[in-house]
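Protein chains in written order, with my numbering: chain L, 1 to 157; chain R, 158 to 443.
If you are wondering where the hints come from, they were derived from the structure by calculation, not from laboratory data.
One or more hints might be untrue.
What the hints assert, rightly or not - Derived contacts from chain L toward chain R, CB cut-off under 8 Å, selection only:
1) Glu19
2) Ala39
3) Glu41
4) Gln42
5) Gly46
6) Val57
7) Leu61
8) Val97
9) Gln109
10) Gly131
11) Gly138
What you are looking at is a predicted structure, and each value in this text was computed from that prediction instead of being measured.
All residues carry an ideal CB built from backbone N, CA and C; glycine is no exception.
The residues making up each chain are set out below.
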Amino acid sequence: MRVSFVVNGREETADDVWEGESLLYVLRERLGLPGSKNACEQGECGSCTVYLDGAPVCACLVAAGQADGRQVRTVEGLAEGDRLDPLQEAFVECGAVQCGFCTPGLIVQAHDLLERVARPSDAEIREALAGNLCRCTGYEKILDAVRLAATRKADSR
Amino acid sequence: MDFLRPTTWAEALAAKADQPDAVPLQGGTDVMVEINFAVRRPVALLDLTRVAELATWSEQDGRYRVGAAVPYSTIIGELGGALPGLAQAARTVGSPQIRNRGSVGGNLGAASPAGDSHPPLLAADAVIEVESRDGGVRLIPAAEFYLGVKRNALRPDELIRAFHVPAASGPQYFSKVGTRNAMVIAVCSFAVALHPGDRRVGTGLGSAAPTPRRALEAEEFLAGALDWEAPLDPAVLRRFGELAARAASPIDDVRGTAGYRTHAISVMARRTLTWAWHDHLGRRAA
Chain L
1 MRVSFVVNGR
11 EETADDVWEG
21 ESLLYVLRER
31 LGLPGSKNAC
41 EQGECGSCTV
51 YLDGAPVCAC
61 LVAAGQADGR
71 QVRTVEGLAE
81 GDRLDPLQEA
91 FVECGAVQCG
101 FCTPGLIVQA
111 HDLLERVARP
121 SDAEIREALA
131 GNLCRCTGYE
141 KILDAVRLAA
151 TRKADSR
Chain R
158 MDFLRPTTWA
168 EALAAKADQP
178 DAVPLQGGTD
188 VMVEINFAVR
198 RPVALLDLTR
208 VAELATWSEQ
218 DGRYRVGAAV
228 PYSTIIGELG
238 GALPGLAQAA
248 RTVGSPQIRN
258 RGSVGGNLGA
268 ASPAGDSHPP
278 LLAADAVIEV
288 ESRDGGVRLI
298 PAAEFYLGVK
308 RNALRPDELI
318 RAFHVPAASG
328 PQYFSKVGTR
338 NAMVIAVCSF
348 AVALHPGDRR
358 VGTGLGSAAP
368 TPRRALEAEE
378 FLAGALDWEA
388 PLDPAVLRRF
398 GELAARAASP
408 IDDVRGTAGY
418 RTHAISVMAR
428 RTLTWAWHDH
438 LGRRAA
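Based on the sequences and whatever the hints tell you, model everything.
Written as structure tokens, this is what we have:
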């Protein structure tokens, strides 16, 4: 079947999509957007987190046909041209990236948190990121990065 | 595989009537896992996310009608005051990403004994609204909805449209045992709902029997033994825990042993009733 939706502001179409295929597969394998990572395929790890109509979801659990006509925003759509999002900058500066596999999902999920809560508490950050697993055990630096980005975003408002 | 995309409830019912093997798909948090792992290859997926009314809720005369597709995040954000037990359970579902997609309708459709919404629905006397094109509407009390492990009372041509539940008339609590705070399938769970007007306490057990179920003997005991004006009698509390555990018929599995589950049910029964009673007396004093 054919599936058309808007990804990072661009209209995209994929053909010959299998009906049981996930949005994640379409993004990575058909549209050349490998930022969203494929790990658990069961919603446990958060590595494939994308915005679907403004809400962060696990792209592995969205059937491609369900995304038809919808708006999708992936980690590739957070930077403005060459200017990284403050969260991406903060992840780099704080050393919140080890192997990097969980990073895109964490950044999209944390991005949503900072869109909703300007100065989140540590408990709010932990709760927001509870569904994103990092197996390099880098959580402390990830928390540092989210705090730094929150402060910068709030101060620039 | 067919991918059916009704945009109205009538179209959805027609699609299900014409193709009863079609698997309803909403948030995908159960169905897509099975497809990703090739556990399930349905002949058709019936995508219900375009039937907008399923994601809405309404209230009339203190009774709530909540569409089957209302996500857990909305239940937490908008219904925590009226349906506190269900909202507490919703907060324990998966992760924020899962709560943005998962819904009570999906929990009911999957009918897993471990589904988090079942115990509070049972404790609060929820009724499930199902419908088929040819059979019309049926209103099924939650206590009659769960028939076996992952089996519910739906007929092949029926879809779940909503659940109905009265606004809480007293304190409600939900408790769940798991290895961490997020991303946990319940080892077991328990819900209580005080119904002070009826001098009655509703209960619900999760992941402690082939189906979610009420602890009827424990409820009947409380209806006779509770003094609604006084602090909880420790002997009543203890007996309530024992009777709640007696309602369980758990199994040993990867998440826990039957013995542990039985013990945990008695502990959670005592805890949740203690919390609820504390609120109940506090409200009376206020």
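Now the hints, each set against the structure:
1. Satisfaction of the interface hint for Glu19/L is found here, the shortest Cβ-Cβ separation to chain R being roughly 4 Å, below the 8 Å cut-off.
2. With a cut of 8 Å, the hint placing Ala39/L at the interface with chain R is violated, because the nearest CB-to-CB distance is about 11 Å.
3. For Glu41/L, the suggested interface contact is upheld, since its CB lies about 4 Å from the closest CB of chain R, less than 8 Å.
4. Because the smallest distance between the Cβ of Gln42/L and any Cβ of chain R comes to about 4 Å, under 8 Å, the interface hint for this residue holds.
5. A distance limit of 8 Å between C-beta atoms decides the matter here; for Gly46/L the minimum to chain R is near 6 Å, and the interface restraint holds.
6. Proximity of Val57/L to chain R holds as hinted, the smallest CB-CB distance being about 5 Å (cut-off 8 Å).
7. Taken as an interface hint, Leu61/L checks out: its beta carbon lies about 4 Å from the nearest beta carbon of chain R, inside 8 Å.
8. For Val97/L, the interface hint is violated, since its Cβ never comes within 8 Å of a Cβ in chain R; the closest pair sits about 20 Å apart.
9. Residue-level restraint check for Gln109/L holds (minimum Cβ-Cβ distance to chain R is 7 Å; threshold 8 Å).
10. For Gly131/L, the interface hint holds, the least distance from its beta-carbon to any beta-carbon of chain R being 2 Å, beneath 8 Å.
11. Violation of the interface hint for Gly138/L is found here, the shortest Cβ-Cβ separation to chain R being roughly 18 Å, above the 8 Å cut-off.
In terms of the numbered hints stated before, the structure departs from hints 2, 8 and 11, listed from lowest to highest.
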